[in-house]
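S.K.: Below are the chains, spelled out letter by letter.
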Amino acid sequence: MDDIAIKVDHVSKSFRLPHEKQSSIKGALINFKKRGYETQKVLDDISFEVKKGEFFGIVGRNGSGKSTLLKLLAGIYTPTNGFIQVNGKLTPFIELGVGFNPELTGRENVFLNGALLGFNRSEMAAMYDDIVAFAELKRFMDQKLKNYSSGMQVRLAFSIAIRINSDVLVLDEVLAVGDAAFQKRCFDYFMKLKKDKQTVILVTHDMAAARLYCDAGIMIDKGKIVEAGGIERVAQAYQRMFNEEARDTATGTEDEGQRWGTGNIKADPPRIEIDDGKIKITASYRVFENVDSPVFGFTIYNSRGINILEGNTLRKRVQTKKLSKGDTVSMTWTLPNILATDSYSLSVATCNQTATEFYDWYNEAAKFDIRKDGDTAGLVDPELMLSNIEYSKQERK
Amino acid sequence: MRQYLSKQNRALLSELVRTDFKLRYQGSVLGYAWSLLRPLLIFVILYVVFVKFLKIGTGVPHFPIYLLLGIVIWNFFNEMTVQSLTSIVGRGDLIRKIRIPRWIIVFSSSLSALINLGLNLIVVAIFMVINQVPLIGTLPLIILALLEVYIFALGISLLLSALYVKFRDISYIWEVVLQAGFYLTPILYPLSSITNVTLQKVIMLNPMAQAIQDARYAAITHTTPTVYSVFQGGFYKFIPFAVVVLVLVGGLLYFRKESSYFAENI
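Those sequence lines, one after another, are chains A and H.
Basically my numbering = 1-based index in the first sequence + 24.
Basically my numbering = 1-based index in the second sequence + 132.
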């Protein structure tokens, strides 16, 4: 129990949605006997645990219930059923600059916002200079907030937010709105949190961000957990969901989770040759529907499921040909054998140019082992050169 | 109790009260002076109309001060309940976005009203000196009467602010109730001007009437009729206090029950 930061135990949340909002007593009296509302179950029997030091992703599309879950974790909503146990102090960031008042000066807003986040005046005073410096707003602090541009307001709010020292942070991805420079700051902050082993829960529907920061996660759809575990697994499930909705006709479901896609193109199990310090992957595909210049790629995972490396034709700037039904394609990838001793699995995939439609994603299409001399804890184990060792003796007096 | 007054809660409370105070007279030329001017001007109007034109309260010593003290206490009750009524809904943006103890919001608006009361009492004190009201030994007891009004107003505030989340009619209803309460409480007129003894007794069951009369008795003149003198012996004189306690307990319980659902109901 000591290494668990948050435990969510069979949590459900229902909202009573009035057909017509009754904000008046008359409405309540008249509709007392009529069923003036319906109950909507937004979350249904959600259970998961977040370990301390984990960067945990909650993914799901709009309306899946992830924001409700976020508010439950934050203690803003109360669960209808179940329990949420949080070890330590939890700070939610659903929005930056909560409580900012346009009629107050920048300085006054810093103290107000700080108090809302749990800091008293002397603690805020100690941090104040850093906050202002980071926001680059020194000249504006005695102006009213209403005279700030929206960019300046966000900068100020963000500078306060990153001061928070909490056991658990709950972040909504909408934080990372704004121009490119601000987004970069946000992502740098996420990276710093990850490096510092801060416990973070990130709610997102950006799978690139999820893969980059998160260790584990859950995917929610229609109020239920549909996938849980390592982030790669969750992110794939998310992309698969969109893919399944994109295609009209369902193809055979062979080994759900292992393999999915529209089936316009299908991969054969690839061939792997390892010799002479090189890894050669030969992949071949059969075309079942006419497809315009698809992208072909592969990913190598180690035994812990970590994505070690990946390659695809798009990144190699290879424009593939227009393919017709019945065609076959094959290609060979060659890479230096930098892999460390481990068991690996290879996934091959093919999709359209924008990666919005996957024709085939074939997990564990092939497996192979790498054996090298000597142990290493590193993910990769390339040939290392060592030279120019020099010793110089310090003269003794 | 300690968890309610944790470092974070104290910091938040002081910051909310501070903000409230800063924003109250935002953009007005006289600023904080209005805290004093407003009750003073209302007092002048009522004084001219009721004391000079209608000749009410001629038998009561220091009636202008008597009147002023009543108005100040009633205004405090009025201001605190009206402000607290909308406080939860008004701070909906906070409640929906972060986790703060909900009671702090109502409590902070009650403290703002309390600060205002303090300023107004300074005005009363000045007038007492000008009007040469003799210093009587019971003066410190006025604190008890004020405390009772505060507790009564706090109970009502908790109840109303939670009700207002669900029923927006409450603000209109409360406006009417306050207006009725103002005339049913012996503020403008001395209780002695009501000749029907039964009616006098009924009026004094209202905690506001009882508290205002007690405050006047303690600070201005011992000729003020109080709930004890009206009822003499008997348990009836405890009814106003029982009402205060009931309202506070009821308000607390209802607020606590509803506060978990403020975020989704606002």
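Hints are computed from structural coordinates only; laboratory data are not their basis.
One or more of the hints may lead you astray.
Unchecked claim - Some chain H residues near chain A, calculated using beta-carbon distances under 7 Å:
1. Ser138
2. Gln140
3. Asn141
4. Ala143
5. Leu155
6. Arg156
7. Ser160
8. Arg231
9. Arg388
10. Glu390
Here a beta-carbon is modelled for each residue, glycine too, at the ideal position from N, C-alpha and C.
S.K.: Holds or violated: the hint that Leu155(H) contacts chain A, with Cβ atoms closer than 7 Å.
M.R.: holds, 6 Å
S.K.: Please verify that hint: Arg231(H), Cβ, nearest Cβ of chain A, below 7 Å or not.
M.R.: It holds, given that the least Cβ distance between Arg231(H) and chain A is near 4 Å, below 7 Å.
S.K.: Using 7 Å as the Cβ threshold, decide whether Ser138(H) counts as touching chain A.
M.R.: violated, 9 Å
S.K.: Would you check whether Gln140(H) satisfies its interface hint, that is, whether its CB is within less than 7 Å of any CB in chain A?
M.R.: With Cβ-Cβ at 4 Å, under 7 Å, it holds.
S.K.: Under 7 Å, Cβ to Cβ, is where Arg388(H) needs to be relative to chain A, so tell me if that hint holds or is violated.
M.R.: violated, 12 Å
S.K.: Could you check if Ser160(H) really has its C-beta closer than 7 Å to a C-beta on chain A?
M.R.: violated, 12 Å
S.K.: If you take the shortest Cβ to Cβ gap from Asn141(H) to chain A, is it below 7 Å?
M.R.: violated, 9 Å
S.K.: Holds or violated: Arg156(H) as interface residue toward chain A, Cβ cutoff 7 Å?
M.R.: violated, 11 Å
S.K.: Could you check if Glu390(H) really has its C-beta closer than 7 Å to a C-beta on chain A?
M.R.: Interface hint status for Glu390(H): violated (11 Å vs cutoff 7 Å).
S.K.: Taking the closest Cβ pair, is Ala143(H) under 7 Å from chain A?
M.R.: Holds - the Cβ of Ala143(H) comes within 7 Å of chain A, reaching about 3 Å at its closest.
Hints 1, 3, 6, 7, 9, 10 from the earlier list are contradicted by this structure; the remaining hints agree with it.
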